[in-house]
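Engineer: Protein chains in written order, with the numbering used here: chain A, 1 to 259; chain B, 1001 to 1231; chain C, 2001 to 2215.
Check the hints yourself; a few may be wrong.
To be verified - In silico DSSO-like links for lysine-lysine, alpha-carbon gap of 27 angstroms or less:
#1 A:126 with C:2112
#2 A:197 with A:143
#3 A:127 with A:143
#4 A:97 with A:143
#5 A:127 with A:97
#6 A:197 with A:97
#7 A:126 with A:97
#8 A:97 with C:2112
#9 A:127 with C:2112
Keep in mind that the hints were calculated from the coordinates and are not lab data.
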Amino acid sequence: MTLHATAPAPAVEPAAAAPAVRFNAVHKSFGTLEVLKGISFAVGRGEVVCLIGRSGSGKSTALRCINGLERITTGSIDVCGHVVSPDGRADLHAVRKRVGIVFQSYNLFPHLTVEQNITLAPRRVKKTAPAEARAIAADVLAKVGLSDKRDSYPEQLSGGQQQRVAIARALAMQPEVMLFDEVTSALDPELTGEVLKVMEDLARGGMTMVLVTHEMAFASRVADKIIFMHQGRVHEAGPRDMLSRPETPELRQFVGTGL
Amino acid sequence: MNYQFDFSFLWDPDNSYWRDILHGTWLTVELTLLAIVLGFTLGAACAIGSTSRMPALRRAIAVYVEVIRNTPLLVQTFWLFFGLASIGFKFSAFTAAVIALTVNIAAYTSEIIRSGIESVRKGQIEAAESLGLSRMQLLFDVVLPPAIERVLPSLSGQFVLMMLATSIMAQISTEELMAAASRIQSETFRGFEIYIVVAVVYLALTVALRFAFALLAWAAFPRRRRLGTPV
Amino acid sequence: MTFSLANLVYLLQGTLWTVALALLSFVGGGVLGLAVALMRVSRFGALRFAAGTWIQVIQGIPLPVLIFLSYFGLGVTGFDVPALAAAALSIAVNSSAFLGDIWRGCIQAVAKTQWEAADSLALNGFQRMVDVVLPQAIRLAIPATIGFSVQIIKNTSYAVVIGFIELTQSGKIINNALYEPFLIFTIVGLVYFALCSPLSNASRRLEARLRARGA
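Model the full structure from these sequences, guided by the hints.
Structural biologist: In structure tokens, the structure reads:
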């Protein structure tokens, strides 16, 4: 399947099968620079979708539009039954409660312990009782294999451990969708494995995931769908074996350079 | 509150207090400009001195800066004005005010310029030394220009603060703006009004001084004009 | 007459008033300054403008003028204004403009990614500020705030313009009787130095430590 920046026909689907995330002809400009030039794609429930492409292709921007960290210029994004629109702040809070994000630079809160980092949002946003929030923290920390680091501060942890805590922090909100923005790019090569393993476990567990990544091996192994972005457009999209038989010269070149 | 504002005393034909205010403002400007020029010179000298190879000089400058920065200008002024008079050195209030302000602002200026000097990279100095520049040439041609350019915003902020601080010189009866205001107040009992007027005058002086410094920076540092504030 | 124990006691009383005035001003200036800083980073343009104007105007008026304005301004309401109240109010107002500006800088110095992380976790603006930004901003603000407290102590000397008998005014009164200006103002200066110098040094040490950790 090849998509050349064409919008899919507005499918009429039953609510239960509605995609978790759907981009509808989304444009995004920074000043006069147009970064997204009308992109459309859907992420089904339980799907793992990898956005790949050169730096500057717009893949990170697209990801950050999903939870409104970047405001889109035109078009819309359906996220878990809510709409992210160019002007609307209205649904943003609802979207963010359902969507977790993990950043390249972890962005843990340095003044809080691992447990406090994880329990902050459940307690403040969902008004979860402290004891219950701590139980949730214990649960997600076990998932990322860091139960013994509960009382550490972020700076006492390695990069890989910090990133796993960041994943746990997002998971604690029991999100319907998880976004990963180049989460292994800031890590030393020997630390990427532990983070990728956690993500693979999540994918196997049925989590809906959208990833911006440079880990082609990981994408080929785990992704249900790969989207190759080029110059602000969806240039080629396909299943996980797409990388072994690229159709466009741009993707062929991208895969060929190993980036 | 049914207080009636009354600014009419300003143009009272018998006293024309606005002339007094203008005269006081002019003395404030004179005081400020003199103290800036003298204070900058002394402060730059101290900053250079604090990079000297003589430990005694460095130590003396450090003590001077610490003493000035940790005591109020007003106490320094009383100490100089009354103290020097008590051992026979009589100055006019204006001269005493200029001395006190200069001694005070030079300490702050020295600290600011020193931080600018310290931010000049080692490589610059090594390059200049390798080119055979003397110590003085190195200082005036390579180190000071970028140092001062970099700290110009801090310096102009400090000079504005000093301009505002000249208002305390009325305490040793320097006839500047505040002294004029005080006299007018005692004659008209329009304290609230007169100090509103004075506040506006000081605000205008602040804006003018900031503008003058921006202009000076523009004229003195062509690189900055083209490329903006250095980092 | 020579400088006596009674004179020293008088100076110490003045010192207590200086400290009291400084504390009152610091608390008042801190509360007002926090409001100014928060307004300065608000997403409402009108609040940002109001706080910005406040900072520019207050920083352009000499503190002695503010003291007179409070003194006469409060006086027109018909109250007999204690000099302490007029002085504390003015120094607090003055400090609010400087602290507000310092703290605004510290709030904005908290990495943008921290604000984004808070947003992504669905925290609202208030929660983001209180739980994420301010705790980090406070750490950044401590050295400069202690540094400014030195300024506040020195600023209390301006209360002499309305005759409030703090340390400097006590010195002046004693000097009027004894005429020993070098001795008396040296003692007065030393007391200020003893109050300010430890704070200056602490501020410098904390600043260096913060920079070492940040680098």
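Engineer: All hints, please: hold or fail.
Structural biologist: Hints, verified against the model:
1. Between residue 126 of chain A and residue 2112 of chain C the alpha-carbon distance is near 24 angstroms, which keeps this suggested pair within the 27 angstroms criterion.
2. Of the supplied pair hints, the one linking residue 197 of chain A and residue 143 of chain A holds, its CA atoms being roughly 11 angstroms apart against a limit of 27 angstroms.
3. For the hint linking residue 127 of chain A to residue 143 of chain A, the alpha-carbon distance of about 23 angstroms falls within 27 angstroms, and the restraint holds.
4. Between residue 97 of chain A and residue 143 of chain A the CA atoms are separated by roughly 20 angstroms; this keeps the pair inside 27 angstroms, and the hint holds.
5. A threshold of 27 angstroms between alpha carbons decides the hint, and for residue 127 of chain A with residue 97 of chain A the separation of about 12 angstroms falls inside it, so the pair holds.
6. Of the supplied pair hints, the one linking residue 197 of chain A and residue 97 of chain A holds, its CA atoms being roughly 25 angstroms apart against a limit of 27 angstroms.
7. Between residue 126 of chain A and residue 97 of chain A the alpha-carbon distance is near 9 angstroms, which keeps this suggested pair within the 27 angstroms criterion.
8. Only pairs whose Cα atoms come within 27 angstroms are accepted, and residue 97 of chain A paired with residue 2112 of chain C is accepted, the gap being roughly 20 angstroms.
9. About 26 angstroms separates the Cα atoms of residue 127 of chain A and residue 2112 of chain C, which keeps this hinted pair within 27 angstroms; it holds.
Every hint, counting from the list given before, is met by this structure.
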